[in-house]
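Asker: Let the hints inform the model, and build the full structure from the sequences given.
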Amino acid sequence: MTTTDQSINSNVNIDFKPAHYKGEKRENSSRSKPSYTNRHKSSHDPKMNSEKYVAHRYQEQVAHNVKIKPGEEPVRIGSLLGLEQVGQCIFIEYKDDIILVDAGMEFAANETMGADYIIPDIAYIKKNIKKFKGVFLTHGHLDHIGALRDILPELDFPMVYTTPLTLGLVKKSFDDIKMAQKIKYKIVDPDVDIIKVGSFMVEFVRVNHNIPETFALSITTPKGVLFTSADFKIDHTPAIDLPADLAKIARIGTEGVKLYIGDSLGSNRPGFAISEKVIGQNLDKVIRDAKGRLVISTFASNVGRVIQIIESAARLGKVVFLSGRSMIGYTEVAAELGYIRVPDGVIRKIESGEINTMPDEKIIVLSTGAQGEEFSALARMSRDEFQYFQLKPGDTVLTSSSAIPGNEKQMAKMINALVTKGVNMITLDDMDIHASGHGGAEDHKIMLGLLKPQFFLPFYTEASLRYRHRALAMDMGMPSDRIMMPSTNGSILEIYDDGVVISDKSLKLNTVLIDGKGKGHLSGEYVIKARQIMADAGMVSLIFKIDNQNKELVGNIQIESRGFVYSSEVKDIHTSIVEFARKKYNDNKGKNRPVADILKMIKEDLGGYINKIIGRSPMIIIGYVYISRDAFKEEFSSEDAIVGSTLEEQGGDS
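FYI, the numbering used here numbers position 568 of the sequence shown as 1399, with every residue one higher than the one before it.
Keep in mind that the hints were calculated from the coordinates and are not lab data. Computed from a prediction, not measured in an experiment: that's the story for all the values here. Heads up, the beta-carbon is just placed ideally off N, CA and C, and yes, glycines get one too. Take these hints with a grain of salt, some might be off.
[As the list claims (entries may be wrong)] Cβ pair distances, simulated, as ranges:
| hint | residue 1 | residue 2 | range |
| --- | --- | --- | --- |
| 1 | Q1241 | G1439 | 35 to 45 Å |
| 2 | N1247 | K1122 | 18 to 28 Å |
| 3 | Q1221 | A1427 | 58 to 68 Å |
| 4 | V1401 | A1427 | 43 to 53 Å |
| 5 | K1223 | G1446 | 43 to 53 Å |
| 6 | F1411 | G1253 | 26 to 36 Å |
| 7 | S1448 | E904 | 46 to 56 Å |
| 8 | P1425 | S1459 | 49 to 59 Å |
| 9 | K898 | K1339 | 40 to 50 Å |
| 10 | K1431 | D1215 | 47 to 57 Å |
| 11 | I1105 | V1250 | 38 to 48 Å |
| 12 | I1105 | K898 | 38 to 48 Å |
| 13 | D1312 | R1179 | 25 to 35 Å |
[What the hints assert, rightly or not] DSBU-like mimics (lysine-lysine), calculated; alpha carbons at most 30 Å apart, straight line:
| hint | residue 1 | residue 2 |
| --- | --- | --- |
| 14 | K1339 | K898 |
| 15 | K1013 | K964 |
| 16 | K1244 | K1180 |
| 17 | K1382 | K1339 |
| 18 | K1422 | K1339 |
| 19 | K958 | K1336 |
| 20 | K1382 | K1360 |
| 21 | K1122 | K1180 |
| 22 | K1003 | K1252 |
| 23 | K1360 | K1339 |
| 24 | K1244 | K962 |
| 25 | K1414 | K1382 |
Answerer: Right, here's the structure in full:
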């Protein structure tokens, strides 16, 4: 079913039925057979422990030298997001066909100096738009769908292949309802459908995560099967979703996987990820035992956790007040699709003011801000800046998330502020109230053991964890030369009949920053560098007024600075800079050099001069205007007086 503006329908069928469904062997399958010897059939029993899976070990082989046939065209896989950070955006290309797997965003760090978030650079896709066939989405977290509201319009709204919850969250991410209605999509039934797009056939394979409807993708290509795990763990007792389809994964592994692209995020943790059922039981206990008001903070996108909290509140006769735009949005989508089934009145918005009329013991506030984000609801509560709710001694605050690397300091600051208010603080240090959505080492062993891929690409996080994942695969006997370790986004893997190689060609990707919703892209590297310079050393600007006939300076060089030096020093330093710049200009104006070249030289020399004076290198902006001395002879004096003014978008080399 293709649509641009219809209600989400999970019962829609697509006429791509697997020939092997119910056990029939697929005809003319292009799955490459694994080259390892002495493979044993993997059990499909989901209760089998990982050690038995690991027993089906890879057989050590000599180094694999890929033989490329004359004129052979490879399948190309390129990473636009996921080799250097958490998130995923991959393109797969064969001849005249390109598809994308996910289009996530990266949350901006302090180094991006005020940008809201970072999206993949899709210049290559736009350049090859005639080949582009659509986007396949694995699940609804922002690091997998967050860039879609920016890139779908740029790509003229290509087809999106996904499931109902993920589609609903994509639509919710659009601020403009009319733009959201332009999304073209096909709803996939993962138990039945295989989607054929150009040279590719794509199967959705159920895995577990902390949001329902998370799927790995098995992509059959002319050069073999690619299997991307998406974010996954193996949970035999999930709280909301069905267990991972290990039988289907085992079947795909038996038929043969050429390349496995695996989520590496939890590969450094021993054991299995904690089951969501355990977390649900612990949350039940906290909600039941809370004597006063209870504030629970978690990621809005952790839909499974949000559902657990709401259903527990309903069972225990309490009311949940939602706080935060994203929390309300995600919950609304889950409720519309039937994932939340509670009586009317259990879920309310904190803005309604009803919270002030309820007994304390009945109140649960479900809030954003578990990472200590400065402007989140919980952080504002910690500073008494939240207009709808004020914390008081006896309240309980629970943070149901672990710290994202880099957020530890701001989380600690917020928790300290909360504790000083006399609230009862519950964190991960106190009990298991959060489970990672990413599997531990044993989960990864099961996936590798079932798939038995010929080649492996650790993915979806920074290098240290990808190398941990690599080591884990090698411990299972996988030869190191079959584990692909490209270092940067833009790297290309080429898949041939005989194997997989890292191409010597790569894409040069720009950092694409989004600064304000719908306000356009910033040129990443330059903007970040410029903001960093201004933050570290400030800014100095000079405007030269030049006679349009003889290139003589007319009047004063205007100088302005911000964040540069203390006010007690500014006059002397400004005078020194102006004298330096005037002398440099006068020394060079008679050498028949263009004015722009003279000013560029002054800018370069001025950087060293200022650094020598104050020990820092501010941003230097130099502009110039041509004027007629006769028209302004009464306005300008011949003295080197300093004229200060606020400069707005002056021209010239910056």
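Asker: For each hint, tell me whether it holds in the structure or not.
Answerer: Hint-by-hint comparison with the structure:
1. Q1241 <-> G1439: 35 to 45 Å: With a Cβ separation near 37 Å, Q1241 and G1439 satisfy 35 to 45 Å, so the hint holds.
2. N1247 <-> K1122: 18 to 28 Å: At 23 Å between Cβs, range holds.
3. Q1221 <-> A1427: 58 to 68 Å: 60 Å, holds
4. V1401 <-> A1427: 43 to 53 Å: 28 Å, violated
5. K1223 <-> G1446: 43 to 53 Å: Cβ of K1223 to Cβ of G1446: about 49 Å, so the range 43 to 53 Å holds.
6. F1411 <-> G1253: 26 to 36 Å: 59 Å, violated
7. S1448 <-> E904: 46 to 56 Å: Hint holds: Cβ distance 50 Å, inside 46 to 56 Å.
8. P1425 <-> S1459: 49 to 59 Å: 20 Å, violated
9. K898 <-> K1339: 40 to 50 Å: 30 Å, violated
10. K1431 <-> D1215: 47 to 57 Å: 52 Å, holds
11. I1105 <-> V1250: 38 to 48 Å: The hint (38 to 48 Å, Cβ to Cβ) is violated, given that I1105 and V1250 are roughly 26 Å apart.
12. I1105 <-> K898: 38 to 48 Å: Because 46 Å falls inside the window, the suggested range holds.
13. D1312 <-> R1179: 25 to 35 Å: At 58 Å between Cβs, range violated.
14. K1339 <-> K898: The given pair, whose Cα atoms are some 27 Å apart, holds under the 30 Å limit.
15. K1013 <-> K964: 17 Å, holds
16. K1244 <-> K1180: Holds - the C-alpha atoms of K1180 and K1244 are around 27 Å apart, at most 30 Å.
17. K1382 <-> K1339: Distance of about 42 Å is beyond 30 Å: violated.
18. K1422 <-> K1339: Given that 30 Å is the threshold and the Cα spacing comes to 40 Å, the pair is violated.
19. K958 <-> K1336: With Cα atoms ~17 Å apart, K958 and K1336 stay inside 30 Å; holds.
20. K1382 <-> K1360: 33 Å, violated
21. K1122 <-> K1180: 22 Å, holds
22. K1003 <-> K1252: 36 Å, violated
23. K1360 <-> K1339: The hint holds at about 18 Å.
24. K1244 <-> K962: With Cα atoms ~50 Å apart, K1244 and K962 exceed 30 Å; violated.
25. K1414 <-> K1382: Distance of about 14 Å is within 30 Å: holds.
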